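Just so you know, the protein sequences line up as chains A and B, in that order. Per this note's numbering, the first sequence starts with residue 1, numbered consecutively. Per this note's numbering, the second sequence starts with residue 1, numbered consecutively.
Treat the hints as calculated values from the structure; they're not laboratory data. Since the structure is predicted, the reported quantities are computational estimates derived from the model, not experimental observations. Even for Gly, the Cβ is constructed at its ideal location relative to N, Cα and C. Do not rely on the hints blindly, as some may be mistaken.
Claimed, not checked - Just some of the chain A residues that point at chain B, by a computed CB distance under 10 Å:
{"no.": "1", "residue": "38"}
{"no.": "2", "residue": "39"}
{"no.": "3", "residue": "41"}
{"no.": "4", "residue": "45"}
{"no.": "5", "residue": "51"}
{"no.": "6", "residue": "52"}
{"no.": "7", "residue": "57"}
Now for the letters of each chain:
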Amino acid sequence: MTIQDKIQALEELFEADAGTITPETALDTLQWDSMAMLSLIALVNEKFGKRLNGQQLKALKTIQDILAVME
Amino acid sequence: MNPASGILGNVVIRAISCAVPTNLVGNESFVGRFGEGVEKFAKMTGVTRRCVTNPEQTASDLSYVAAKRLFDEGKAAPQEIDALIFVSQTPDYILPATACVLHQRLGLKKECLAFDINLGCSGFVYGLFVAGSLCRREGIRNVLLCGGDTISKVVSPADKSAAMLFGDGGFATLLSYSETDDNPLHYLFGTDGSGAKSIIIPSGAQRNKQGSREISEFGEGVLRSDYDLYMDGTEVFNFTISEVPSAIKRLMGQAGRSPENTDMLVLHQANLFILKQIAKMTKFPMEKVPVTIDRFGNTSITSIPLTLCDALAANPDQVPRRVVLAGYGVGLSWGVISLDVAPYCCLPVAYSSECYTEGALSHG
Numbered sequence: 001m002t003i004q005d006k007i008q009a010l011e012e013l014f015e016a017d018a019g020t021i022t023p024e025t026a027l028d029t030l031q032w033d034s035m036a037m038l039s040l041i042a043l044v045n046e047k048f049g050k051r052l053n054g055q056q057l058k059a060l061k062t063i064q065d066i067l068a069v070m071e
Numbered sequence: 001m002n003p004a005s006g007i008l009g010n011v012v013i014r015a016i017s018c019a020v021p022t023n024l025v026g027n028e029s030f031v032g033r034f035g036e037g038v039e040k041f042a043k044m045t046g047v048t049r050r051c052v053t054n055p056e057q058t059a060s061d062l063s064y065v066a067a068k069r070l071f072d073e074g075k076a077a078p079q080e081i082d083a084l085i086f087v088s089q090t091p092d093y094i095l096p097a098t099a100c101v102l103h104q105r106l107g108l109k110k111e112c113l114a115f116d117i118n119l120g121c122s123g124f125v126y127g128l129f130v131a132g133s134l135c136r137r138e139g140i141r142n143v144l145l146c147g148g149d150t151i152s153k154v155v156s157p158a159d160k161s162a163a164m165l166f167g168d169g170g171f172a173t174l175l176s177y178s179e180t181d182d183n184p185l186h187y188l189f190g191t192d193g194s195g196a197k198s199i200i201i202p203s204g205a206q207r208n209k210q211g212s213r214e215i216s217e218f219g220e221g222v223l224r225s226d227y228d229l230y231m232d233g234t235e236v237f238n239f240t241i242s243e244v245p246s247a248i249k250r251l252m253g254q255a256g257r258s259p260e261n262t263d264m265l266v267l268h269q270a271n272l273f274i275l276k277q278i279a280k281m282t283k284f285p286m287e288k289v290p291v292t293i294d295r296f297g298n299t300s301i302t303s304i305p306l307t308l309c310d311a312l313a314a315n316p317d318q319v320p321r322r323v324v325l326a327g328y329g330v331g332l333s334w335g336v337i338s339l340d341v342a343p344y345c346c347l348p349v350a351y352s353s354e355c356y357t358e359g360a361l362s363h364g
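Model the full structure from these sequences, guided by the hints.
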């Protein structure tokens with residue numbers, strides 16, 4: 001996945017308009033609720049075979065933090 | 001290494017019956033306590049209302065109503081039952097086994113096995129396997145698989161993550177030995193005990209005798225005591241997506257099933273988001289994944305038989321439906337079974353507020 005693909009996947013996950021999310025976007029300006037968290041767990045599991053626990057989720061503050069996990 | 005999977009033949013399901021409490025509780029009654037959280041909760045879990053027991057009503061009361069109905073409909077006579085199994089995490093007493101209480105209440109004969117199994121979300125699939133295995137033993141022909149849970153009684157009303165999720169319910173299923181072996185049942189089981197604390201009620205039995213009854217905060221909007229159910233939603237979700245879709249796909253491969261040649265994938269009704277995720281990962285269209293969590297909540301062990309009866313009882317024809325059942329959760333434990341179920345075996349869901357008043361006891 002290129003960085004553009006990842007951002008696009010996150011825009012879909014957050015139900016945000018295309019082009020509105022950048023790496024600097026703070027998660028507390030988005031719908032960062034339990035549904036978004038489960039969606040992220042599923043996305044990272046499916047595309048990158050990784051498991052995110054509660055502590056890791058709590059530590060995420062910006063889109064850049066999420067992109068760092070998506071590898 | 002043995003795969004904990006295989007084929008079980010010469011067994012037929014003759015009836016499935018379910019009962020839920022008459023008392024309906026809608027999400028709106030929680031708006032005062034949880035505010036906007038109620039709408040978000042409904043969007044993710046799919047739950048809009050649930051059926052909740054009266055204070056005196058137990059899981060065995062609901063299971064009794066379901067079993068009685070099965071006898072009243074002529075599916076079997078009480079004297080024909082050779083074994084009674086009761087699967088539950090919310091029994092009537094710490095001891096004796098609830099199966100023994102139900103045995104006398106249902107008027108079964110003395111020449112009958114009766115025992116409990118303590119399992120939740122995977123319990124119906126386990127129960128089918130254990131009951132089906134018993135049917136094939138000498139001296140046993142008909143097994144009554146009963147069960148139910150009243151999780152609403154063990155959840156803190158101030159726990160935002162659980163208070164609106166669980167509904168109560170009970171069921172009874174009749175399995176019999178069959179001379180024909182045309183449609184064997186395929187099964188697959190798994191356990192990950194390292195997740196035992198992911199869904200737990202720590203106190204009330206022998207391990208934590210001095211648990212605190214004080215309600216304290218475990219996280220935002222989660223207030224509970226050591227006697228209330230605790231569920232680590234993130235861990236349970238991780239477990240579910242990493243184990244359950246692969247187990248379903250493996251079982252279906254062994255059974256020669258595909259989403260195309262299978263009529264229904266009946267999943268434990270954990271929450272709607274999880275159901276959609278599993279459907280997507282196993283390539284089942286949602287039209288083949290029946291949903292009852294919206295009207296009944298997560299009914300623990302009863303969710304699979306309840307979903308079967310809800311989907312099939314309305315048109316009781318005799319054409320067998322090819323179904324795959326998957327139960328997963330507390331333990332952590334999972335089980336998948338593929339089998340044929342004819343709709344005329346499934347009775348319409350019963351509503352009851354009946355209680356076994358003779359069961360009330362006190363030394364006081």
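Closer than 10 Å between Cβ atoms is the bar; does residue 39 of chain A clear it against chain B? Give me holds or violated.
Holds. Min distance 8 Å.
Measuring from the C-beta of residue 38 of chain A to each C-beta in chain B, is the shortest one below 10 Å?
It holds, given that the least Cβ distance between residue 38 of chain A and chain B is near 5 Å, below 10 Å.
Holds or violated: is the Cβ of residue 45 of chain A closer than 10 Å to a Cβ in chain B?
holds, 5 Å
Status of the hint placing residue 52 of chain A at chain B (closest C-beta pair under 10 Å):
holds, 7 Å
Holds or violated: is the Cβ of residue 51 of chain A closer than 10 Å to a Cβ in chain B?
Holds. Min distance 5 Å.
Any CB of chain B closer than 10 Å to the CB of residue 57 of chain A?
With a closest approach of 7 Å, the residue 57 of chain A hint holds.
Restraint outcome when residue 41 of chain A is required to lie within 10 Å of chain B by C-beta distance
Holds: closest Cβ of chain B sits about 6 Å from residue 41 of chain A, inside 10 Å.
When held up to the earlier numbered hints, the structure conflicts with none and fits them all.
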